[in-house]
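**Q** Required output: the full structure, derived from the provided sequences and hints.
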Amino acid sequence: MFISLDWISDFVDLSDLAPEVIADRLTMSTAEVEGVTILNRLTADKVVGEIVSAETVSEKEGKKLTLCKVDLGGGRVLQTVCGAPNVRVGLKAAFAPVGAKVRAKTGGAESSDIEIEIAVGEVAGKISEGILCSAFEMGMSSWHEILFEFPADTPVGTKVSDLVPERDVLIEIDNKSLTHRPDLWGHYGFAREFSAIFHRPLAPLPRHDVSRYDGLPEFPIEIADDNCPCYSGIVVGIKAGSVNIPSPVKMQRRLHALDHRTYNLLIDLTNYVSLEIGQPTHAFDADTIGRIRVAPMGKEGTFVTLDGQERKMIAEDMMICDGDKPVAIAGIMGGLETEVTPQTTRMMLESANFKSARIRKSAGRLDLRTDASQRYEKSQPPANVKTATERILQLIADSGTPFEIESRFSVKGNLDDENREIVLPPGRLNALAGIEFPKETVLSILHSIQFGAEYLDDGTLRVEVPPFRSRKDISIPVDIVEEVMRLYGFDNIPPVMPQMSLAPLRTDERIKLQHRAQVYMSVSAGFMEVHNYGWFDDNFLAKIGYDPGQTLVLKNPPTAFNSRLRTTLMPNLLALVPKNRPFKDDFRVFEAGKVYLPKGDPLDPAPVKDSAEKCDEISTFAGISYVAAGKTPEEHYLEIRGILSDLGRIFSFDSSSFTVTPGAGSPTPWQTEGLWVEVRQGDTLIGTMGLAGRELMTTLLTEKDKGHLVWFEYAFQKIKGAMFPILRFKEPPKFPSSWQDFSIVWDTERGYQQLAAKLDEFKHPLLRGRSFLTVYKGKGLDKGTGSYSFRFVIGSDDHTLSGEELEEFHRAFLDFLKSNGMSLRG
Amino acid sequence: MQELKLQFLKELAAAKTAEALEAVRVKYMGKKGIITNFTKTKDLKTLSSEAKQAFYREYNDLKSFAADQLKKVVPAPGGAAAAAKKGGAIDLTAPGAGRRLGALHPITLTQIELEHIFEGMGFSVYYGPEVESEYFCFEALNIPSDHPARDMQDTFWLKNNLILRTHTSANQVRTILKAGAPLRAIFPGRCFRYEAIDPSHENTFYQCEGLVIDKNISVANLIAVMKTILGEVFRREVKVRLRPGFFPFVEPGFELDLNCLICGGKGCPTCGDGWIELIPCGLVHPEVLRHGGIDPNEYSGFAFGIGLTRLAMMKYGIRDIRYLNGGDLRVNEQFSTIL
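As given, the protein sequences belong to chains D and X, one line each in that order.
For the first sequence, my numbering assigns the number 1 to the initial residue and increments by one for each residue that follows.
For the second sequence, my numbering assigns the number 827 to the initial residue and increments by one for each residue that follows.
Please keep in mind that the hints were generated in silico from the structure rather than gathered at the bench.
Worth double-checking, as some hints may not be accurate.
Computed cross-link-like contacts, DSS-like style, restricted to lysine-lysine with a CA-CA straight-line distance of at most 25 Å [stated by the list, open to error]:
| id | chain 1 | residue 1 | chain 2 | residue 2 |
| --- | --- | --- | --- | --- |
| 1 | X | Lys-985 | D | Lys-609 |
| 2 | D | Lys-361 | X | Lys-985 |
| 3 | D | Lys-718 | X | Lys-1004 |
| 4 | X | Lys-842 | X | Lys-871 |
**A** Below, the structure written as structure tokens:
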């Protein structure tokens, strides 16, 4: 939104302040300024002229060229050929003589604006001694289609810059920072702010008091929709065509400065007042409507808006109706049939208040965001309804256009135009600000924004909020705190560190454990952490042939292929393999992220207060390790398995706490029968890991059989753990211990874990520990068997072992093997 | 040959400096050295094969004896590199092998650093769900049903009418309900907005929300805490300014701007006008406290939202946000560090 300082100058004098100072103070106290634009108009070298004769010199393809004689006053009449459609005898327009500068477009695809000097020209065989100007040519706005029209009473020969000063300053405000300030959707609201910020007097807004018409008949209005808190109408009689005249130049130049095109007094008025106080209004031809009824559309249907477009309406849309017949979309746009025309002699001026939610929904659905809807969406205060009507009547009167009021100012609903009271308990303001405000400072700030304010004897602050400040903006005591502080300057408040108690923190240990796991994987295990998106890529799922089954589904996915929320981290990780393979032949990647498991029917729209009722969100830890060459898949797998076993230490300081069992079947593309295991902590299944099968590798990488991939996925959340060690110290042996190595032949299908469980059954008083050394398969062994080597540590707490004892241990272990049908490698 | 050996030992013993030792080495064992070329000075054709063998045995013994002697007294000439050139010796300057360091995601690095700073100031850390209800994401935060944030324009909606949280503020009321007052907590985490991706916009990004609730918490406290935290994050004294900003769940609401650390506030391409809009914040709205079961007449608080993704990008000089979720390991591997 742009603010014209020319406009502001009607109400507050800021003429001695640099625009940058104004912008900066506004940012610090009111709303964020996005930029300052100096508007340099080319009006100094032009005069107002009257077209005294107009003769068509050529007309083709709908484009008419007219030879005009223009009276510039003082007996000076020059001629020019003009192509503007609004050329006519009697029109007063700006004339740029030879030597004057005008704005022009360079043309072409990337047209930009340049300034050119007018030279004597020949058009259609006729000499032009200058040109008649559009607003664009005078640097007033981008509107170039028609000549800028001056009111008929403008004296010829007047320097244009006397009416349209060369300079204006436009301050651009970030609309986001006005979301809660409907009063700032008009210039007068900003004038109030400037008056308060710079401690300068504020001129009142001139209004034409309508109470003088209270004796006239009521215009019939009925409100049958809760989304309309207040509706007013007044019937204004005018001479036919009398509002179809150019608006006063002061109005026009400001509308143009904000890049609004000007049309005629009536249309310009509603735009002008909307930009001045933020309240939209609408003019109906009073002869086309009899009584107003504000009601929902009620059923689906169509409606033709004044831009000639047919709009599809739904039952909930709020309509302004003449009786039962819709004549306007409330708060958005009027209808074609009831629009005022040059022939209109009576207009019904609507000024109303509509609730923001309804307007937002309809405007959004219709994709019809108008100046009016934009303002209603900010929750305009109903009090503006009367202000706007009175302001428009004042501006008609100021323009010298005769009018006659035919009805009283008729209102239905609540104008809400009384001050409202907010009371702050003693000390509340200072406590929340953290500073001791002098009472007179507080009162003077509040008075500067036209709030009533007084301190009661007990220190209570009683505030009267004026009705032009929306209830959405100011309704509770902290809102008053904000008003005082922002105008005092947040920056003027000295920082004070809060004083806190030393109570111990309640910290979520899972977060610390997760960080440990992340740091371990990266620092100790060479994995790179990535972040993938929270949804699947359907194209990739199809490529690897994975069906995730039931998932949560996005109504508005980022793309049509990303509608399903991930229930496993694996597919998005696997997608990184082909992506990174061209650059790397060895990489390890992990992700610590959430997967989202639906609870109940993922399509059930019933609202819930806590998302946990419909979604199980699981913190998950997954990774892949890819190697192109240099180690066998088995070596690779065991390496990663070793890394993940050590992950157990991070949680429970015991690397043996994770056990694995072969997984059944091939439930996903990355789980191939015989190549994956389930990982458990105690009895709890916490994850899976394995080697990618040949089929998946062939899908991922075009070069067949190139390299191998180990993957894992742990449900981090299910792993039990503790932040600090739960270890017990064991005294080292006082007497030297000895060891004996055994290589045991074992069925590889049954696996290490079953062998280890079996060996756990061997008890001996001298046994102090056992560690796994290696497994050998191949020459000298039957197929399907391996030689598993272990080291047994043997010792005693009270003496050094004798040779007999060592032999006895050896025998005892061989007996154990024999009784279990196992043997040593031959 | 015996004479040669004695002569060599004598000269070796006489050499006292590195240069002298090197000279001895070159004289006897260099490419044109006496010992090296000793066989060429003898006519061996006349010798019997036994005598020839005996000669070579003696000669080889002499050569290895001389080499051993030299090795004892001559430091590897020219250092390890020169030794390596001759093969055989270990190049101690070659890069290490075997171990490799992985990398943490730049967001994780920044997040852990923030958590560390806040914990040092007595804040707890909590995470909340990413799939949220309208209640915690909007309603409990005083965001009315007609607020633009609740449109499809900005929010990812699920078919079961849950949403992907649009801000970590969604965890405010959850945390108040869980931990009660007084409270000092941050909740970093992943957020989602329905918007098109370009170099400065992502639909998936990270924020770090902070919340302090206690008796007599004031705007002056908020300013002090924010200034301190930014000083810790950037490891230098920072200048901040506070100006009005609107967020339904705070009142009054502010935008906290950081005085540009690059130009010192003069204005530059990074900041524009000398200030970087960094942290939206404000006093917790009484309605939010009420949703958390806390009496706003007894307690007050402040909340702030740090753009974690933005902070990480500033810290590491990442100009295109799309690198963060892009999975290009040439990006991720650059954040190799030990925390």
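**Q** For each hint, tell me whether it holds in the structure or not.
**A** Results for each hint:
A hinted pair counts as satisfied when its Cα atoms are at most 25 Å apart, and Lys-985(X) with Lys-609(D) qualifies at roughly 16 Å. Using a Cα cut-off of 25 Å, the hinted pair Lys-361(D) and Lys-985(X) holds, with the two alpha carbons roughly 20 Å apart. Only pairs whose Cα atoms come within 25 Å are accepted, and Lys-718(D) paired with Lys-1004(X) is accepted, the gap being roughly 21 Å. Proposed proximity of Lys-842(X) and Lys-871(X) is contradicted: the alpha carbons are some 40 Å apart, above 25 Å.
The earlier numbered hint that this structure contradicts is number 4, and it is the only one.
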